[in-house]
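Enquirer: Here is what each chain is made of, one letter per residue.
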Amino acid sequence: NAGVMQNPRHLVRRRGQEARLRCSPMKGHSHVYWYRQLPEEGLKFMVYLQKENIIDESGMPKERFSAEFPKEGPSILRIQQVVRGDSAAYFCASSPPIREGKKTQYFGPGTRLLVL
Amino acid sequence: AQSVTQLDSQVPVFEEAPVELRCNYSSSVSVYLFWYVQYPNQGLQLLLKYLSGSTLVESINGFEAEFNKSQTSFHLRKPSVHISDTAEYFCAVSDGNSGNEKLTFGTGTRLTIIP
Numbered sequence: 001n002a003g004v005m006q007n008p009r010h011l012v013r014r015r016g017q018e019a020r021l022r023c024s025p026m027k028g029h030s031h032v033y034w035y036r037q038l039p040e041e042g043l044k045f046m047v048y049l050q051k052e053n054i055i056d057e058s059g060m061p062k063e064r065f066s067a068e069f070p071k072e073g074p075s076i077l078r079i080q081q082v083v084r085g086d087s088a089a090y091f092c093a094s095s096p097p098i099r100e101g102k103k104t105q106y107f108g109p110g111t112r113l114l115v116l
Numbered sequence: 001a002q003s004v005t006q007l008d009s010q011v012p013v014f015e016e017a018p019v020e021l022r023c024n025y026s027s028s029v030s031v032y033l034f035w036y037v038q039y040p041n042q043g044l045q046l047l048l049k050y051l052s053g054s055t056l057v058e059s060i061n062g063f064e065a066e067f068n069k070s071q072t073s074f075h076l077r078k079p080s081v082h083i084s085d086t087a088e089y090f091c092a093v094s095d096g097n098s099g100n101e102k103l104t105f106g107t108g109t110r111l112t113i114i115p
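Just so you know, the sequences run in chain order A and B.
Counting in this note's numbering, the final residue of the first sequence is number 116, and the numbers go up one at a time with none missing.
Counting in this note's numbering, the final residue of the second sequence is number 115, and the numbers go up one at a time with none missing.
The shape of chain A in the complex, shown without the other chains (with noise of 0.2 Å):
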């Protein structure tokens, strides 16, 4: 049973530019939670989602910055126009339903963003 996926592993992208980063659940997890590492800091939550529907983004700026979950495929979170102090590591966790008590988040490795 193959882990959380994201991808790409590393972005480089310039000012401006738009990031698209992708997370692939675990299989059988309907739940998608993405966050933020900036550097030297804890991770801090940002976006809720399960499969169509965004549950809680309360941890979302609230400009550039978007998340989907469609149907088929994977998870999106995406950047627009970025700035230099998007740069962190944004990783993305999944959770299998909720009726199966397990209360666990499983991490993906993450992906890098570097904006120069």
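Treat the hints as calculated values from the structure; they're not laboratory data.
Mixed in with the good hints, there may be bad ones.
[To be verified] Restraint ranges, calculated between C-beta atoms of paired labels, are given here:
#1 B:S84 - A:G85: 43 to 49 Å
#2 B:S54 - A:M26: 23 to 29 Å
#3 A:S87 - B:S3: 22 to 28 Å
#4 B:L7 - A:R84: 29 to 35 Å
#5 B:F14 - A:R78: 35 to 41 Å
#6 A:E68 - B:P18: 45 to 51 Å
#7 A:Q50 - B:Q45: 19 to 25 Å
#8 A:P70 - B:S28: 32 to 38 Å
[To be verified] No farther apart than 25 Å at their CA atoms in a straight line, the calculated lysine to any residue pairs in the SDA-like style are these:
#9 A:K103 - B:F14
#10 A:K71 - A:A2
#11 B:K78 - B:S28
#12 A:K103 - B:S54
#13 A:K103 - B:S27
#14 B:K69 - A:A2
#15 A:K103 - B:I60
#16 A:K44 - B:L51
#17 B:K49 - A:K71
#18 B:K49 - B:T72
#19 A:K103 - B:S73
#20 A:K27 - B:Q42
Built from N, CA and C at the ideal position, the CB exists for glycine as well.
Starting from the known structure of chain A, fit chain B onto it as the hints suggest.
Expert: Here is chain B on its own, set in the frame of chain A:
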């Protein structure tokens, strides 16, 4: 709102010595508690978790943590550390009442094992 405090940003320990990594949390509701480990340039791996029941939880590699509700703590301990334990350790909480399992993390503790 929830918060997690890891007071020690770095902890150096000699090999085979015991270690304790401290974690305190603040929450107005019941919580689930987690310790994750992050090796360099990798994602987070779940080390152990407390959901309910016995307040002492153990991992397969010798770590243990005890949930102390009165002190709002969930300190991580290991009686004898190994070089391979060198990593960053994150304590995290989630709301134990809602279906939203988003995690609130501490700032992490970097454990360095000295040979």
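Enquirer: Give a verdict on every hint.
Expert: Hint-by-hint comparison with the structure:
1. B:S84 - A:G85: 43 to 49 Å: Cβ of S84 of chain B to Cβ of G85 of chain A: about 35 Å, so the range 43 to 49 Å is violated.
2. B:S54 - A:M26: 23 to 29 Å: The hinted range 23 to 29 Å holds for S54 of chain B and M26 of chain A, with Cβ atoms some 27 Å apart.
3. A:S87 - B:S3: 22 to 28 Å: Given a distance of about 25 Å, which is inside 22 to 28 Å, the answer is holds.
4. B:L7 - A:R84: 29 to 35 Å: Because 30 Å falls inside the window, the suggested range holds.
5. B:F14 - A:R78: 35 to 41 Å: violated, 47 Å
6. A:E68 - B:P18: 45 to 51 Å: holds, 47 Å
7. A:Q50 - B:Q45: 19 to 25 Å: Given about 24 Å between the Cβ atoms, the range holds.
8. A:P70 - B:S28: 32 to 38 Å: Since P70 of chain A and S28 of chain B have Cβ atoms about 35 Å apart, the given range 32 to 38 Å holds.
9. A:K103 - B:F14: violated, 34 Å
10. A:K71 - A:A2: Roughly 20 Å between the alpha carbons, so the hint for K71 of chain A and A2 of chain A holds.
11. B:K78 - B:S28: Answer violated: K78 of chain B to S28 of chain B is near 29 Å, above 25 Å.
12. A:K103 - B:S54: holds, 16 Å
13. A:K103 - B:S27: holds, 18 Å
14. B:K69 - A:A2: Roughly 36 Å separates the two Cα atoms, so the pair is violated.
15. A:K103 - B:I60: Judged against 25 Å, a Cα distance of about 19 Å means the pair holds.
16. A:K44 - B:L51: holds, 21 Å
17. B:K49 - A:K71: violated, 31 Å
18. B:K49 - B:T72: holds, 15 Å
19. A:K103 - B:S73: holds, 19 Å
20. A:K27 - B:Q42: holds, 21 Å
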